[in-house]
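A.B. asks: Chain by chain, the residues:
There are 2 protein chains.
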Amino acid sequence: MSKISDTAIVGIGQTEFSKNSGRSELQLAAEASLAAIQDAGLTPDDIDGMVTFTLDSNDELDLMRTLGMTELNWTARGPFGGGASAATIQLAAAAVASGAAKAVLVYRAFNERSGRRFGQPDPNGYTSTAAGPDFHFSYGLDTPAKIYSLWYQRYLLKYGVTNEDLGRYVVTARAHAATNPAAWYYGKPITLEDHQTSRWIVEPVLRLLDCCQESDGGVAMVVTSADRARDLAQPGVRVAAATQSHRKGGLIMFDYYREDLSEFEETRTMTERLWADSGLTQNDIDVAMIYENFSPVVFLTLEGHGFCKRGEAKDFIKDGHIGLSGSLPVNTNGGLLGEGYIHGMNNILEGVRQVRGTAANQIKDAKHVLVSASRSGMILGPL
Amino acid sequence: MSKISDTAIVGIGQTEFSKNSGRSELQLAAEASLAAIQDAGLTPDDIDGMVTFTLDSNDELDLMRTLGMTELNWTARGPFGGGASAATIQLAAAAVASGAAKAVLVYRAFNERSGRRFGQPDPNGYTSTAAGPDFHFSYGLDTPAKIYSLWYQRYLLKYGVTNEDLGRYVVTARAHAATNPAAWYYGKPITLEDHQTSRWIVEPVLRLLDCCQESDGGVAMVVTSADRARDLAQPGVRVAAATQSHRKGGLIMFDYYREDLSEFEETRTMTERLWADSGLTQNDIDVAMIYENFSPVVFLTLEGHGFCKRGEAKDFIKDGHIGLSGSLPVNTNGGLLGEGYIHGMNNILEGVRQVRGTAANQIKDAKHVLVSASRSGMILGPL
Numbered sequence: 552m553s554k555i556s557d558t559a560i561v562g563i564g565q566t567e568f569s570k571n572s573g574r575s576e577l578q579l580a581a582e583a584s585l586a587a588i589q590d591a592g593l594t595p596d597d598i599d600g601m602v603t604f605t606l607d608s609n610d611e612l613d614l615m616r617t618l619g620m621t622e623l624n625w626t627a628r629g630p631f632g633g634g635a636s637a638a639t640i641q642l643a644a645a646a647v648a649s650g651a652a653k654a655v656l657v658y659r660a661f662n663e664r665s666g667r668r669f670g671q672p673d674p675n676g677y678t679s680t681a682a683g684p685d686f687h688f689s690y691g692l693d694t695p696a697k698i699y700s701l702w703y704q705r706y707l708l709k710y711g712v713t714n715e716d717l718g719r720y721v722v723t724a725r726a727h728a729a730t731n732p733a734a735w736y737y738g739k740p741i742t743l744e745d746h747q748t749s750r751w752i753v754e755p756v757l758r759l760l761d762c763c764q765e766s767d768g769g770v771a772m773v774v775t776s777a778d779r780a781r782d783l784a785q786p787g788v789r790v791a792a793a794t795q796s797h798r799k800g801g802l803i804m805f806d807y808y809r810e811d812l813s814e815f816e817e818t819r820t821m822t823e824r825l826w827a828d829s830g831l832t833q834n835d836i837d838v839a840m841i842y843e844n845f846s847p848v849v850f851l852t853l854e855g856h857g858f859c860k861r862g863e864a865k866d867f868i869k870d871g872h873i874g875l876s877g878s879l880p881v882n883t884n885g886g887l888l889g890e891g892y893i894h895g896m897n898n899i900l901e902g903v904r905q906v907r908g909t910a911a912n913q914i915k916d917a918k919h920v921l922v923s924a925s926r927s928g929m930i931l932g933p934l
Numbered sequence: 552m553s554k555i556s557d558t559a560i561v562g563i564g565q566t567e568f569s570k571n572s573g574r575s576e577l578q579l580a581a582e583a584s585l586a587a588i589q590d591a592g593l594t595p596d597d598i599d600g601m602v603t604f605t606l607d608s609n610d611e612l613d614l615m616r617t618l619g620m621t622e623l624n625w626t627a628r629g630p631f632g633g634g635a636s637a638a639t640i641q642l643a644a645a646a647v648a649s650g651a652a653k654a655v656l657v658y659r660a661f662n663e664r665s666g667r668r669f670g671q672p673d674p675n676g677y678t679s680t681a682a683g684p685d686f687h688f689s690y691g692l693d694t695p696a697k698i699y700s701l702w703y704q705r706y707l708l709k710y711g712v713t714n715e716d717l718g719r720y721v722v723t724a725r726a727h728a729a730t731n732p733a734a735w736y737y738g739k740p741i742t743l744e745d746h747q748t749s750r751w752i753v754e755p756v757l758r759l760l761d762c763c764q765e766s767d768g769g770v771a772m773v774v775t776s777a778d779r780a781r782d783l784a785q786p787g788v789r790v791a792a793a794t795q796s797h798r799k800g801g802l803i804m805f806d807y808y809r810e811d812l813s814e815f816e817e818t819r820t821m822t823e824r825l826w827a828d829s830g831l832t833q834n835d836i837d838v839a840m841i842y843e844n845f846s847p848v849v850f851l852t853l854e855g856h857g858f859c860k861r862g863e864a865k866d867f868i869k870d871g872h873i874g875l876s877g878s879l880p881v882n883t884n885g886g887l888l889g890e891g892y893i894h895g896m897n898n899i900l901e902g903v904r905q906v907r908g909t910a911a912n913q914i915k916d917a918k919h920v921l922v923s924a925s926r927s928g929m930i931l932g933p934l
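Chains as they are written, first to last, in our numbering: chain A, 552 to 934; chain B, 552 to 934.
The set of hints was computed from the structure by calculation and includes no laboratory data. It should be emphasised that the depicted structure is a prediction, and the values quoted were computed from it without experimental measurement. The hints are all genuine.
All copies of an identical chain are treated as equivalent in the list; a pair is satisfied when it fits inside any one copy or across any two copies.
In silico DSS-like pairs for lysine-lysine, Cα to Cα no more than 30 Å straight-line:
(1) 653 - 554
(2) 653 - 799
(3) 918 - 860
(4) 860 - 799
(5) 915 - 860
Whenever a hint applies, use it, and build me the whole structure from the sequences.
C.D. replies: If you want it as structure tokens, here you go:
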């Protein structure tokens, strides 16, 4: 039995999301972290654990010194980047549920537009493993857009999904961003024509507007016990379940070797665990926050979670289900395409806001939010 | 209340410890991991979690594919290197105690002698933070021996500890290694004169024989619930407590800015937590496994744990307390100086063997073992 559900997210904080923060990644981490701690009604000294990505450049001791904490009894980092972003909450919740720490700060901050841009060709070659530049590099696969498109294409071909279908998701996400003041694309909705006339990045899969942003910024959260959450400043948001799923044969970047390229096997198996751990199902989910470095991921993820059948995401989206007044509002903040790309972590904050009832695009009576990042996910709910 | 004590280490595995393994780091990780899994009487498919160091080059998905596991629901890495080596068990135990995973593989493998040698000058400058080469580099502090000696020196001066005092620890550790067939220095004890005539590395603090080895090798362990441990192949070894302590003002390498350089503040505070979580005290500890990249660490750690008073470790050691027939046998495998340097992790395996009663230098009726790595530690005991 998972004890993760005895924990809650009690504070959230973020910087502005920009293209040039003008300050260090440590400064971004510190600003977001302090905001999250204060949002919870806590002080830095109440924090005794930290979790971030292996990819985060901010050292725990630096952040500790900057914020003025006395002691940490838990530090852990999640590997794999954005696809495992939800794992950070699992690691923090496990610390609390096991008694290893009382209040864990989760942070992610980077200058991913003004510093190292993930979307640009890496002259050293992207690595799929720690062994060094992947051999696919020598075939010209030198950016995430190219690398991922090769397997998105299988999905598109199998189910007859067109780039126009992808565009309908993007138009929806940008509509949500347009009414979210924290979004980079606040006040800037697009039409399907805008999408269809944006330039190809990887023909015939991805146009410019199918790609998530590159962003500077920081986000942070505080996780503590559900019991303690009741005494804190904000309505606590329960981590009803949180897990990772990594399947044999999977790879992070060059994920070409699985049995069926047209599905996210990990999303399916991760979902099975989330339902089992929480006792909830698709029908209980009021809002879905879905990691989308590129638009096709939303389609594969909706199907992987069982919100619609294989190949039917394009119709699900076309029929308006994922809009703010749809049956399953998706990425109500604008997502990583519309709000900003803080490696998926800003989607978790939006999940917290939806359960609190404080989102810019608040879904009425939202109770359970699924936050999904392909190979990691969580369900947030009321205390 | 910590639930860490509901968990146990049920399998251990290792490769040989050498100066040139002749194979990849992934191969070393796989060999050690498979040995640990088989030692527990499990198969790779029983493993659903992995923990290693942020510094480990072996990708979880690579290791998963190599060993043939189906799914992982927990991955986490511990930052900070050897001083936090014991944290790996805390992370694995928290996964099990919280229900996030059922059986977690902990591994560490590297070619740290035939590949990248930690002890050699780093031409890019050692980093104390993620911000880049530390400014101390420009003052010639380009190896761990030099970097650490600067603050060991304060301890030596304050308490009148001589290099000959350090040598008495080294002679003891090498005596333990000499009767441990797995140790690199098996059959090769030294005299105090050998120590005192070995060349200076950093005069007047460290001679060659005060420095831990550089080693190639891999070690692995399996952590599961104490309940399940009773049904497995080996006598389960309870993780009675495991924690980390990182204090404000601390740094990993260039740790020169704390109030009192002559003590390990983290070891003291970490110990307080271990005693509180386990209900045990110094008097209950039968064997201490102490991380020693360099010999002075043993002195500071013995005092930090309260086995003797400040400045009295030299007499504690001189009086024979840490030998195999002493009141507190220390590093019964030969330690990182004598057995090998697998980033501190091989000391945890020796702790498990001592509780099992299967160590090469078995301490009779050893019940509780303290495994300590300056800023992380654990107590192992019977189920």
